[in-house]
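Mind docking chains B and C with the ligands on chain A? Use the hints.
Residue numbers (this note's numbering), protein chains in the order written: chain A, 2 to 891; chain B, 10 to 178; chain C, 664 to 1097.
Rather than coming from a laboratory, the hints here were simulated on the basis of the structure. Just so you know, not all the hints are guaranteed correct.
Unchecked claim - Take a look, some chain C residues computed to stay more than 10 Å from chain B by CB distance:
no.	residue
1	LEU668
2	ARG677
3	PRO727
4	GLU848
To be verified - DSS-like mimics (lysine-lysine), calculated; alpha carbons at most 30 Å apart, straight line:
no.	chain 1	residue 1	chain 2	residue 2
5	B	LYS14	C	LYS809
6	C	LYS869	A	LYS405
7	A	LYS154	B	LYS80
8	B	LYS25	B	LYS46
9	C	LYS809	B	LYS21
10	A	LYS828	B	LYS25
11	A	LYS447	B	LYS31
12	B	LYS31	A	LYS828
13	A	LYS405	C	LYS737
14	A	LYS110	C	LYS1022
15	A	LYS77	A	LYS42
16	C	LYS764	C	LYS690
17	C	LYS809	B	LYS25
18	A	LYS83	C	LYS809
Stated by the list, open to error - Taking beta-carbon pairs under 10 Å as the criterion, some of the chain B residues facing chain A (in silico):
no.	residue
19	ASN47
20	ASP52
21	PHE74
22	TYR75
Beta carbons are placed, not taken as given, at the ideal position from N, Cα and C, and that holds for glycine.
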Amino acid sequence: MSDQVTLTIDGKTVTVPKGTLIVEAAKQIEQEIPVFCYHGKLSQVGMCRMCLVEVGTPMFDRATREPVLDENGVQKIGFFPKPMTACTTPVSEGMVVKVDSGAALDDRKAVLEFLLTSHPLDCPVCDKGGECPLQDLTMKHGSGISRFNYEEKQHFPKKYPLGDLIVLDMERCVICTRCIRFQSEIAHDPVLAIENRGRHAHIVSYSDPPFDSHYSGNATDVCPVGALTTKDFRFGARSWEMKNVPSICNHCGVGCNTVLGTRKGGSGTGQLKRVMPRQNETVNELWICDKGRFGHHFNESPNRLTTPLIRQDGQLVESTWADVLPFIGEKISSIKSANGSTALGGIAGARLSNEDLYLFQKLFRQIIGSNNIDHRVGLNANFEDTTAYTVGVGVGTDLSQVGKGSTILVIGSDLDQEAPILYIRVAGASVKRSAHVINIGGRRTKLDAQAQTSAYYQYGTASYLVLGILASVVAQGLVNQEWIDRHATGFSEITKLLQDFAPDSVADTTGVSSAEIEAIAKSYAEAENGIIIFGHEAGNDPALGAAIEALAAVTGHAGKPNNGVIAVLPHANSRGAADMGVVPNRLLGYLPLEGEAGLSAEQMLSGNSIKGMIIAGADPASESDTYRECLQNLDFLVVQDLFLTETAQLADVVLPAKAVAERDGTFTNLERRVQTFDVGIDSPLLAWSDWLILAAIAGQLGADWGYASADGVMAEITQEVPLYQNMAFENLVAPVSLDRQTDHYIYEGMSFTADVHEGIQWATVAENEQQKITLQLVVPENHTGSDEITLVTPRILYDGGRLLAETDVVQSHVFQTRALLSSVDAKKLGLNNGDSVTISQNGTAVNLPIQISRMLNEGTILIPRNIEGRPAERLVGSSDVHASVKVKKS
Amino acid sequence: MWSEKERQELDKILEKYPPDRKMSAVLPALYVVQRRKNYLTDDDIKDVAEALDVTVTHVHSVIGFYTLFRKEPTGKYMVQVCTDLPCALRGAEDFYHRLCERMEIGSHGGTTDDDLFTVEGVVCIAACDKAPCMQINLEFFESLTDDQIDEVIKRLRQGESLTAVAANY
Amino acid sequence: MSKVLDRHLIFRHRDIENIQNIDTYIKDDGYSALKKALKEMKPVDVTNEVKSAGLRGRGGAGFPAGVKWSFIPKDIFPKYVVVNADESEPGTFKDREIMEKNPHLLLEGIALCAYAVGASASYIYGRGEFLSTFRPLQQAIDDAYKHGFLGENILGSGFSLDIRLHLGAGAYICGEETALLNSLEGLMGQPRNRPPFPAVAGLYAKPTVINNVETLSGVPYIILNGIDAYRKYGTDRSPGTKIFSLSGRVNRPGNYELPLGTPLRHLVEECGGGVIDGKQVKGILPSGAASSIMGGDKLDTHLDYESMVEAGSMLGSGSVIILDETINGVWAAKKNIDFFRHESCGKCSPCREGTHWLKSVYTKIVDGHGTKQDVDMLGTIIGQMEGNCFCPLGEFVVPGVRTSLGLYMDEYLEMVAGNEEASQPQKDLIHTFF
Ligand SMILES: Cc1cc2nc3c(=O)[nH]c(=O)nc-3n(C[C@H](O)[C@H](O)[C@H](O)COP(=O)(O)O)c2cc1C
Ligand code: SF4
Ligand code: FES
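Extracted from the complex, chain A is given alone in its bound form (with noise of 0.2 Å):
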């Protein structure tokens, strides 16, 4: 039988593949089939009724299984007595549908009455007025007249919280459960439910606190009424006055595709109304996070820095461009002759673009002549990555299509905190398309309700686990010798060094038993896909992603789509501040550095031989008080930032710099996707772009680089980086033939007209065939067993970061300070929730109030990272991600 069904839909014929619902066939061919419940990312439940149609099939006598046929020989359609609902009704060859047929209509007029019993009318002050479907159809199809009492109207509260962020006003709702939906199915948070029945039925949130989600944004997007708006948003403008820009969310390095609502304020200056998803289905598909969504506040704060800051009698004052430019050209100027160029070095922030540390890097290796820069500072914790650039997941990959006979380790990362969209899809391909997803850590992480698998490691030993892993895949051979004889070498010396890591002697130091490490062993080497993705909490260990890119090489999992490793870095850009260079020790594009490396941040902020220092969009001296001290004795400190942060407040000159939705420039994205934001708002007046910030300082030390706009200095990295000769702005802005319907909003589009891109990734090693991998091993640290408590440190998604500080509506969320420890210990030690407690480590004291946690394992107490007074910072420093702690009740 063919796996194609051709239907004729209102007399149009239209050819799909088997199983294709009827909305969907009908999307084909343009023949829109009103919906309110269905939405194409949501399992189907046919309520609302709104999309009912008649259907008719091919008639055959039941006797003979002949075709019935008419007086003109042409087989009979029998058409069902009932109309049928398309959302739910999957077509079969010969189907007849009529949409627009008289019935249909009748019946659509129908239930679209039903629905507006009691709504409100309210459209002309209600936020979807403009791209409502309840509304377009009620102009199209509805009455002019209401027929229903306006007495009975059902009536409920009109502003009605579901949370701090999210709006209920039940009266616009028509109960087609979208919301609770999304938030089951696809948040896999289901704080959501209906409760009493009939026409009592209204949505509510129970949870503690109410809609506890990272997620609960997404609820307002696919609600197809106005029931759900948000907080921040509302009555905030009208859709159509709004301007849409296409822009790239900078709180991760998930790199989610977002818009930018703006309108033309009073006083001319745009204002951002509004952040909602924009769909890429590679990327982020429909969703984005909270943090993406109502994090952008702080780009109006007060607080923001609008001009020039210069230190004048130890205070920071008012100044100029004109005036600072030329102070910082003869600073930097007269300590490289006083004191060498290696006097001076520089941090640049991974949220600043590809462009910014394009030109940070040139500005210091081509104009200072310093090897002194770096990007990992604070939640970076030094880690480095370069797994992306040898066995990164293959261009093409898009992992809402991963599914079955795909296996997905997850390694050392609570992805629903650290890198929330990819939450929901490594989620989603376990439970929507049965991947075989494999969470492994050191606690447990919201990921494992949905993982088929978990493990737990002793924090400190991921390395030995992966090690293990890999020696279990060799010892059962599962090795893919042709793809290691093509793409690597260096495999026979490093089987020797697993020997050494035999499944059981793995088992004895992490704790993961040597039939676990077998099984992850088997699924993960025998699977058609194979993804590794690894974050902070693997700890930062260089065994490991050694070992990580040989496990992906040896199996061949690596060089094709849906198969390869993410590292879960933190920025909205870290990796494309690995790729552009920003660090002591290697060149752009992963190119080999000649002679000495310079400095990392760490050694730059703890020693004394770095003099005078520039440093975007970083602000290090929050975290330690050794950086800080590190900080005040420098000679000469030039700060650039949207804020007076606390290393700001120690700089001699201070510069205001625009924020990612007032100017333009890209991002690349954990997948090694390169993506471009375009500008929204307008700045402060005087804040300049950090590309052209560090343009100016070039100039002032007497190069002449003459880059027009971000998009010039881009056309210079195609050129520098070969890794990125196709990221010429045009290429990353052309149209994709992504299969979206973003007309089609009634179904499950973007319900605003922006541009959508694919965005481009560049190729890795694995996928260039005049390149090997070199295959080494490093031997891990030795890891000593701690009697005492492990302290670990993830980063958290609302954290105590300075663009969150700024922005109002999530304050409730962010992160109060304590410490969470498992039940068990806190039973040990005599605790209860609230209680305070002394934890120490190597003379470092900090004290903590502590919350008892379901997801610790015993012997682990957990701090975030960048949280209010920076406490976990404070115990492990700046690198590590764990560390052996004391605990006393204080």
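Structure of chains B and C with the ligands alone, referenced to chain A:
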């Protein structure tokens, strides 16, 4: 908090369902905790959610759907008089109003002053041939006369057990 | 009362005292059908017997039980038998009597069904109000376990079966089989999409037979006495006996087990002792609140599936409610609308909003404020619901209103007579839009 006895009862309930289908026990478990106060408090609901590994939101949603669960305090005895068509054809509506009057709670249901009885009219309870009929805490009372109402009320007020009283009707 | 049955097939307790006692039950050939099946018959034979006997579902739809059992896939385990004891249709009270008075018959029927389809677990889902009904039933189950008719390796046959009781909590919709399954799984009792049908993916997504209490209680007689003995009762296409729950304006309301095909007049006049005070029958609701109402002139209709459809109504679950001339037809229709509005689960819009709207219009008419347009509106609303609802509950609303409008239009008109149209101005939507 589950008492020892309730815990045992819950364990017996859970034995009925496959181990990975604990959610099936939501209704039976709610009956157990509802007996504590004759209505469900937030703590009762949390107890059920935790014992069955479901969200509190889910439990609320189930409670709201079914009429036999209550989140508001009621009298000790829930008196549910059928006033649906088959019974109404045999005078059940008038009977209901009379019953309310005899309990001095107006004529449309409510709770008696001593908080002992809450009366409400309900849809068919499968006793249509024995109208007028009612349930008190789900025990059937059928083919009732007005005098019998007085007697039932009296005996319950005197503290006789419901099952003993119900056995006579 | 004339006796049309020499013996009751299901209501054996009316012939034999104390049959809820397992020893009495066994003495009356109880569990002999199960013994016979386990010893002499292959599972498929049991299904075929039931199929050939023509036993049809007694829960309302009348679907042939044996055919339903034959849909159960052989190779998927576990399978379940779920017994529908939700009995919430206004006017139905037969299953309760079986469970309270002759519980072993039901248990034996379940065991036969489970054996036939290869199930080893069964749940009896009763409405929450059946707390006391489940006591004798639980007693019977305990006794059956003790006697080895339930549990592991029943009568040494290798066949095992557990039967468990589960109470709902007050929701008519849970009688609808897929809503029942959701409720049994611990969810709101809202119906599921079909396909997949329960036979393929029912309870816990496993193959599931769902039958009514009375349906399964009919099985032991068939297995023990054979097809011909069963087909001696009833008509060719509606064989066997059926229990009719007679209620409303008759002298002796109650359950009556009669051969299918018995004239309605016999049920009302002989069994029910005629109408109270010798009044005329004004309307007959033969299948509870969901009925198409039949006029008093239809008393000679035969009580079988086919004849009832021919007469413009349905046999349903056999809950016959009698209206007499003292009853106002509009009021009666409104009572049923109140019921459906109360019980609409809220899943689909036509039922959720339609029942609400109907109630609003009916209330207006019955309270004396209605107009002729309101009466017409009733017809429009049911027209908008018909065929458009997710499950039969919403569709059940339609026939009652439609037939009541047909039979009692003069009463409707009388109630609205003299009321001016548009006493309350209708709002113009366009104004509220702009
Ligand atoms: C709204 C609604 C309520 C129902 N209520 C019951 C009920 O209370 N008892 C019952 O046995 N069947 C009821 N049914 C029918 C069941 O869905 C199902 O057809 C029946 O349990 C199948 O068993 P049977 O084939 O033995 O009749 C109801 C159906 C609907 C649509
Ligand atoms: S709130 Fe919106 S999404 Fe949720 S059910 Fe109502 S209409 Fe649907
Ligand atoms: S029923 Fe099909 S879209 Fe809602």
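Hints versus structure:
1. LEU668: Check passes; 19 Å lies beyond 10 Å.
2. ARG677: For C:ARG677, whose nearest Cβ neighbour in chain B is about 14 Å away, the distance exceeds 10 Å, so it holds.
3. PRO727: C:PRO727 is indeed farther than 10 Å from all Cβ atoms of chain B, at 26 Å.
4. GLU848: violated, 6 Å
5. B:LYS14 <-> C:LYS809: Answer holds: B:LYS14 to C:LYS809 is near 25 Å, not above 30 Å.
6. C:LYS869 <-> A:LYS405: Roughly 22 Å separates the two Cα atoms, so the pair holds.
7. A:LYS154 <-> B:LYS80: Within the cut-off at roughly 25 Å; holds.
8. B:LYS25 <-> B:LYS46: Given that 30 Å is the threshold and the Cα spacing comes to 26 Å, the pair holds.
9. C:LYS809 <-> B:LYS21: Between C:LYS809 and B:LYS21 the Cα gap is close to 18 Å, so the pair holds against 30 Å.
10. A:LYS828 <-> B:LYS25: With a Cα-Cα distance of about 34 Å, the restraint between A:LYS828 and B:LYS25 is violated, given a limit of 30 Å.
11. A:LYS447 <-> B:LYS31: holds, 20 Å
12. B:LYS31 <-> A:LYS828: Roughly 28 Å separates the two Cα atoms, so the pair holds.
13. A:LYS405 <-> C:LYS737: With a Cα-Cα distance of about 26 Å, the restraint between A:LYS405 and C:LYS737 holds, given a limit of 30 Å.
14. A:LYS110 <-> C:LYS1022: Holds: A:LYS110 and C:LYS1022 sit about 21 Å apart, inside 30 Å.
15. A:LYS77 <-> A:LYS42: Violated - the C-alpha atoms of A:LYS42 and A:LYS77 are around 36 Å apart, more than 30 Å.
16. C:LYS764 <-> C:LYS690: holds, 16 Å
17. C:LYS809 <-> B:LYS25: holds, 18 Å
18. A:LYS83 <-> C:LYS809: violated, 51 Å
19. ASN47: violated, 20 Å
20. ASP52: violated, 13 Å
21. PHE74: Since chain A brings a Cβ to about 5 Å from B:PHE74, closer than 10 Å, the hint holds.
22. TYR75: holds, 8 Å
In this structure, the hints that do not hold are numbers 4, 10, 15, 18, 19 and 20, in rising order.
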